[in-house]
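Enquirer: What follows is the residue order along each chain.
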Amino acid sequence: MDFGVICIDILTGLSRGLLYFLIASGLAVTLGTLGIINFAHGAFYMCGAYIAWTVAHLIGNAMGVFWMGAAVGGATMFVFGLLIEFVLLRRIYAAEHLYQILLTFGLVLFIDGLVLEIWGGLPKSIFQPEYLTGSLSVMGHPWPVYSLFILLFSAALAIGLWFLLHRMRFGKECRAAAMDREVSEALGINVSRVFMLMFGIGAAIAGIAGGVGTALDSVSPGLGVRIIVICFAIIVIGGMGSLTGALMGALTLGMIESFGWHYFPDLAMLIPYILMAVILLIRPQGLLGGR
Amino acid sequence: MPCRSSQINLSVTILLAAGVMFLFALPAFLSRFYIYLFSGIFIMTLFAYGFHLLFTYAGYISFGHAAFYAVGAYTVALMYKHVSDSVWLAFLMALATSAFIGAIIGALSVRLNKIYFAFLTLGFGQLVYTVIFRWRSFTGGDDGIPGVMRGTLDFGFFQLSLKPLVNYYYFTLVIFLLCIFVLWRIVNSPFGYTLMSIRDNQERSSFTGVNVLKYAWLAFVISSMVTGLAGALMVSLCGMAYPELSFWSSSADPILATLIGGAFTFSGPFVGSACYVLMKSYLMSTIGNWAIALGLILLVLVLFFRSGIMGFFSQRFKVML
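Line by line, the protein sequences are chains P and C. Per the numbering used here, the first sequence starts with residue 1, numbered consecutively. Per the numbering used here, the second sequence starts with residue 1, numbered consecutively.
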């Protein structure tokens, strides 16, 4: 076996895995702080992708249109996230989990219908910016520059998120609010505002990831659900509720997918499901999860 | 939560008997369109009861029931196409395959807690969809299996073709009533009460010696068999099996029907399915894209009208319906 090819597979897996982590991190964070399982998280990714496409479509081939698309996608999703938290989720924190799940499922149906209405059913895709096309040479084998870009970009955003949650006041407030809402409020933390912002940030990350991801794959109305299934596979693989678990799960899935596409292309679409089933059978608490 | 509905008084019995007679008399004074629509309501009701058993009695919410619906539908379509036109054989096979797939998916999905269950069923449902969509040589891929017939009922001494719509209506009605009777017995049996104890407090019921995973798994298998039966009935009614039957959005149908009717009543899925099928057929003819409307309806139901239609009446008249 050629060592160079394996290197390429590993790098591709890393790049894919980090993008997956970016998407799943928003879900893991809202789950950890708000305690809400958000089925609409994949729909946020999809909307970010569509908005980035629209920006690229409207502005045309100008400089920086790619960045603008991702930024506008992220910003729109941020506002959208704030609105959803404010209008819908806030009314349902006290209700049973079943109803929270049903609420976000209704949101998925609604957004999917809306997307179909606005953008139609055909897949859309945007061009990668000029300076990110082409390929590098890794040990004599070509590797697309865009994959390297995704790798670095996702890593940077992930570090930013970690910094926000663990090194800044906002992150501390978040974790305090998640642990004990009443005590946090007594200490003067505006928990409603913290929750709203946290949900918005989760949605924004998904939106940005969508904008960057469309240049890799196209976007079509079914994408949101495909993404949410992958996100959840990641959380099951890594272990519930923690960002580290999500990172582990995302990298594992990215690696196995990268090798899978290479060696078993027929089964590649089934890999997330198979991996999820295997983990559930042999280690239901996930790779990093404790009992 | 109020769910005990074992005491039926006399008036309800009379009402039920009248209702059943009404359903048997319906084809005499309805046009073909409405006979078709009512068959659709019975099928949607069975689909909803499949979901309802898990949701209402065991407290597990499934987003992947479309998988079993499609498994039932494809089994019947493939049996008619490749084996024989015997209804018995095709429907028994549909029950067997949906129970088998349900046993596998159920065993995997109940291993985590109830919240993650929703995701797992969604994931495995999409897995079934992917398999149906990609396995072109067996399932016909995205073309599906067109031209599914309605088969022949063989009673030994005489044979009844289900091809005429009225015959098929009666066939659907009989299966529908049988299923509801069986489900009624199940939820009012010790098994049903055990499920409710799992729903109300999983930890406490495991302390009393209930094997929670086993009971949840059994409920899952029964639920997937009912759902598979609904799919089997549907495919002969509309004459085609197609991969969208197993798509996640099709899993929303029984959820909406159950919630509209009232999840925590026994009659809820029937009333809800009737409203849902009528509404859907109206919405599809007026606005093409009804997913938006469905999403909005679900949001409104969850936020403001959680008890559903029959739940509302039950509270109003202090009767468990």
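Be careful, since some hints might not be right.
Unchecked claim - With a Cα cut of at most 35 Å, we get these calculated DSBU-like pairs of lysine-lysine:
1. P/Lys172 x C/Lys114
2. C/Lys114 x C/Lys214
3. C/Lys280 x C/Lys114
4. C/Lys280 x C/Lys163
5. P/Lys124 x C/Lys214
6. C/Lys81 x C/Lys280
As the list claims (entries may be wrong) - Some chain P residues flagged as far from chain C (calculated, every beta-carbon gap over 12 Å):
7. His57
8. Val65
9. Leu187
Hints were generated in silico from the structure; no laboratory data involved. Ideal Cβ placement from N, Cα and C applies to all residues, glycine included.
Enquirer: Evaluate each hint against the coordinates.
Expert: Hints and how they fare:
Restraint check for P/Lys172 and C/Lys114: satisfied, since their Cα atoms lie roughly 29 Å apart, inside the 35 Å limit. Taking the CA atoms of C/Lys114 and C/Lys214, the gap is near 14 Å; set against the 35 Å cutoff, the hint holds. As the CA atoms of C/Lys280 and C/Lys114 are separated by approximately 30 Å, the hinted pair is consistent with the 35 Å bound. Between the alpha carbons of C/Lys280 and C/Lys163 the distance comes to roughly 26 Å, so the proposed pair stays at or under 35 Å and holds.
Restraint check for P/Lys124 and C/Lys214: the C-alpha separation of about 46 Å exceeds 35 Å, so the hint is violated. Distance hint between C/Lys81 and C/Lys280 is fulfilled; the C-alpha atoms sit about 30 Å from each other, no more than 35 Å. At roughly 22 Å, the least C-beta separation between P/His57 and chain C is larger than 12 Å, which holds for a residue marked as non-interface. The Cβ of P/Val65 sits about 30 Å from the closest Cβ of chain C, beyond the 12 Å cut-off, so the non-interface label holds.
Distance check for P/Leu187 against chain C: the nearest CB is about 29 Å away, which clears 12 Å, and the non-interface claim stands.
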